[in-house]
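Build the complex from these two chains, which are given one at a time in their own frames, with help from the hints.
Letter by letter, the chains look like this.
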Amino acid sequence: MEDTLLMDAVERFANGEMSVEEKIYFEDLRKNNPELDQAVVEYLFFLNEIDNYGKSRQFRHILQETEVKLVEEGVIHKSPLNGKSKLVYMWKRYKKTIAVAASIAGIISLVSMAIMSSLSTRKDNNLSLLVSKINKQGQQIRDINRKTDQIAAKQDQNNSTPEPTRIDARFRATGFMIDANNNYIVTNAHVVKEALHKLIVENSKGFQYVAEAIYVDPATDLAILKVKDETFKKLPPLPYNISKNNPQLGEQVFMLGFPKQEIVYGEGYVSARNGYELDTTYCQLSTSVNEGSSGSPVINKNGELLGIITSMENNAAGVVFAIKSANIYRAIENVKKMKDYDDIRINSQSSLRGVDRIDQIRKIQDYVFMVKGN
Amino acid sequence: MSTPTQEKELLKGLAKEDRVVVEQIYRDNYPMIQSLIINNNGSVDDAADIFQESMIVLFEKAKSPEFELNCLIKTYLYSVARRLWLKKLQQMQRFGRATDASMEMVAVEEDLEIHEKKQLEFNVMDAAMAKIGEPCKSLLEAYYIQKKPMQQIAQEFGYTNSDNAKTQKYKCLVRLKKLFFAQYKNTE
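Heads up: the protein sequence lines correspond to chains C and D, in order.
According to this note's numbering, the first sequence is numbered sequentially starting from 106.
According to this note's numbering, the second sequence is numbered sequentially starting from 759.
For reference, chain D alone in the conformation it holds in the complex (with noise of 0.2 Å):
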């Protein structure tokens, strides 16, 4: 068992995309996770995807301003997973009953609420990015993403200077933005 001070430093860390407690979290929940999905009618692919999900979910919310968890990672992580889960076998009719309710549950459905909207921004953007082709792609994913200086963006892409590189970049951004909101209020 983790004292809430431990529990606290990994939601830090886990904001900041630290790698090591990813993997902490991974080793001390992943267990839990795949025996509640394999017990109800899932596979260890399922429950690794499922895991992701919630690792997810998690992530939104540790880096949101307004965080807070009233609960443990554990138990966070087993309520998401089990609402995903069971959303998941709806929509694939399997009729599953999620039993095993030997674990305490907190409600998410608000988060995930949350979670589906980003989500889908997550699916326009990516789409939008897929669309836009090179370099605007990679330009952008350099400068955005990746938060390359643009000094060095203008030498790995063979622009003269940075100021064109920077010309370059605004152009991409305007049909990036175009792709973007195209997509974006059709499913509002």
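Okay, chain C solo, but in the shape it has when bound (with noise of 0.2 Å):
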């Protein structure tokens, strides 16, 4: 406590809001007094330290939105994904190495790649990956939807969230956050494929925050995203828990996504264990879904994430597929190798079992993003 009444006093000498003869006294105590004044000596160079970091920080913030303007303008070009250019370089550094590898992994592949397709047929023609197109009509109506939704979200938090940064999206899908500390989200891999020039993700009150696709897998279509925005508010530690298991036949399952400009939640169970073909990385579902969805996460009523919505069946009704959540963990496993996000950590507990439904969808929606991008 003495700690904090000290801290009041140095706080207030440094604003001058001390009046005269308690600036006599406390500068008094300080001369008598060396250890006190050490530790004022300390707090004044302290609150320095915080002052600049708070001037630092928004000086930071503005750099990052004019960039963001000038490359909307098209005055600045940047590539569309980062990490791109790193590839660039190891290409260049170890061009004939690779030319020498390729060339016999190319090989190898054809041969593989001619007995694969003799055994297996085309996945596009009969599955339709979820991802809605937006198209500039229902732009409109969004965007005074959303503008409508920022100012009351707005009024709500009085004026104390900076100005988001804004895209004109070109599709729409669903992304679910794995680490709320680092700030990790999942969504499919043909969702982040989408994206040529930016990528964002939404929350439901309409601000958008620049992510950055750290990890692609296209042959699980997972793809994990990493909120680089500052104006970002760090979520609670998450609700749900990522299952390991696959999920059990007949399991009731609901799901959260984003197939229109707000979050709509669908049910359904798990109706075959396994994929489109048996792909043994998916299992099937009974629900219904539509474009927009792709992304969503899948879950049972403890509270365990079973898997992502990634496609549906065309020509039968209601039968749709979702990656099953193992593979979250080893595509974790990879984004832990690399250097930069070797941070990345999820828990294995769930908060939301025995709650009743509408309290856990009130817990997990503020987890659930629209992935956008233009």
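Derived from the structure by calculation, the hints contain no laboratory data.
By construction, the Cβ of each residue, glycine as well, lies at the ideal position given by its N, Cα and C atoms.
A few of these clues could be false.
List time: in silico DSSO-like cross-link candidates among lysine-lysine, alpha-carbon distance up to 30 Å [said to hold, decoys possible]:
| # | chain 1 | residue 1 | chain 2 | residue 2 |
| --- | --- | --- | --- | --- |
| 1 | C | K338 | C | K442 |
| 2 | C | K338 | D | K766 |
| 3 | D | K766 | C | K333 |
| 4 | C | K333 | D | K774 |
Partial chain C-side listing against chain D, Cβ under 10 Å, derived [stated by the list, open to error]:
| # | residue |
| --- | --- |
| 5 | L110 |
| 6 | E154 |
| 7 | G159 |
| 8 | Q169 |
| 9 | L175 |
| 10 | E177 |
| 11 | L232 |
| 12 | K338 |
| 13 | P341 |
Among the chain C residues that face chain D by a calculated CB cut under 10 Å, a handful are [what the hints assert, rightly or not]:
| # | residue |
| --- | --- |
| 14 | N138 |
| 15 | K160 |
| 16 | Q163 |
| 17 | T171 |
Structure (structure tokens):
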């Protein structure tokens, strides 16, 4: 408690809020008590450090926003996904080695592809991916909705949040948080592929945050994004956990996603253990989904996340495929090996067990985001 | 070309974190920095990063009380960016020589040393802030960074009065201070 009293005094001293007598008394105390004086000096230094930190952060924020604006205007060019440049350098450095390795790999893969293609048929014809393309007219209506949403949200927060960065999105899908501490979000690889220039995530209040695809694996159709925006407010720990086990046949599940500009709840059950043509990466659900649902979390009654909605079968109603959640762990193992992103962690506790559905949804919805891009 | 008075105005605006000024400096100087980086083994993304960092160096300089700039903003940014980029190239062991000696240069070593120290302090504070958790983080940010009045903070965070909020704020500050100095003393 001593500490806080002293702090209060130092702060009032620094801000010039002390009366003349108090100031004299305070300075007298400092003179006669070197230990106290030392503490005061330390506090003053610390307050100055916080001030510098705040200013610097605000300035960085302005820089970021200016850059985003100028990228949109085309004054600044940036590549759509960071990390690409690193690849280019790697390529330049290891060109020869890669060329030799690639030619060997090429021969092998050609042979194996020939074998594979004789065994399997193409997926694309019978499956449709669930990314929603945003057209211009719809966009206008959404813009209006969004603006009203924002005004409402702003009033809520008393103008405390800085202006969000906005983009004109070409598509919309869904993603959900897997590491609330370091802001990692999972969605589908085919969603990320839609983003040619910029990728953002948007919460249900309409605030958009710049994100970067740090991991994309077309083989399992998984992508991991990291929210890079400084304005993003860190969320409390995840309410759900990510299951390592296979989903049970007949298990009741629910989903939250963005087939439209607001969050939509859906229910269904696990109708088969494996996916399209017995693909073991996936499981099959019986439910209804729409474009924009790609990347939606599939959760059971205990708050265990079982999968990620990816696609639906075209010529059969209500047949939906979801990537099994165990694949997320594999993806995370790979991300951990990346130098800049080895901080990724996921918790294994669900706080949703025995909670009724409405409360479960209320707790989960802040962790589900629209993934948009242009 | 801008006149000395215009340059002074720009720097004053920069010190006050004026968005319009920041954008103006971006527009005037970005293309130059981008071609510097790209002509020296860098990518467009590298250019964007280096430019931002150079802007931070200029900002730190502009807001220091004993500030004076003896050259054009353009020259300064160019010199800083070139130095930063050479350093980065060395770190990544891509050996490049910044060729392009067409631009005038000034000595910036000293400023960059100060910048490095400030960057370190920034990182230490950032890490400490990340560690104290909620509601401390938001509370301290609201008061010390967004400079909101205590009354408003009490309301937003649901404290019964501003004295309660104040007590809580000091508790948080003590924790932040401990975390900060634990790390800070290590780095010295």
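We went through each hint and held it up to the structure:
1. C:K338 <-> C:K442: The hint holds at about 26 Å.
2. C:K338 <-> D:K766: violated (36 Å)
3. D:K766 <-> C:K333: violated (34 Å)
4. C:K333 <-> D:K774: Holds - the C-alpha atoms of K774 (chain D) and K333 (chain C) are around 25 Å apart, at most 30 Å.
5. L110: holds (9 Å)
6. E154: holds (6 Å)
7. G159: holds (3 Å)
8. Q169: This hint holds: Q169 (chain C) lies near chain D, its Cβ roughly 8 Å from the closest one there, short of 10 Å.
9. L175: Cβ of L175 (chain C) sits 6 Å from chain D, so the hint holds.
10. E177: violated (12 Å)
11. L232: Since the shortest Cβ distance to chain D is 35 Å, the answer is violated.
12. K338: Cβ of K338 (chain C) sits 8 Å from chain D, so the hint holds.
13. P341: Given a least distance of 7 Å, the restraint on P341 (chain C) holds.
14. N138: Violated: closest Cβ of chain D sits about 20 Å from N138 (chain C), beyond 10 Å.
15. K160: Constraint on K160 (chain C) satisfied, holds at 7 Å.
16. Q163: Where the cut-off is 10 Å and the nearest Cβ of chain D is about 6 Å from Q163 (chain C), the hint holds.
17. T171: Holds - the Cβ of T171 (chain C) comes within 10 Å of chain D, reaching about 5 Å at its closest.
Consistency with the previously given hints fails for numbers 2, 3, 10, 11, 14, ordered from lowest to highest.
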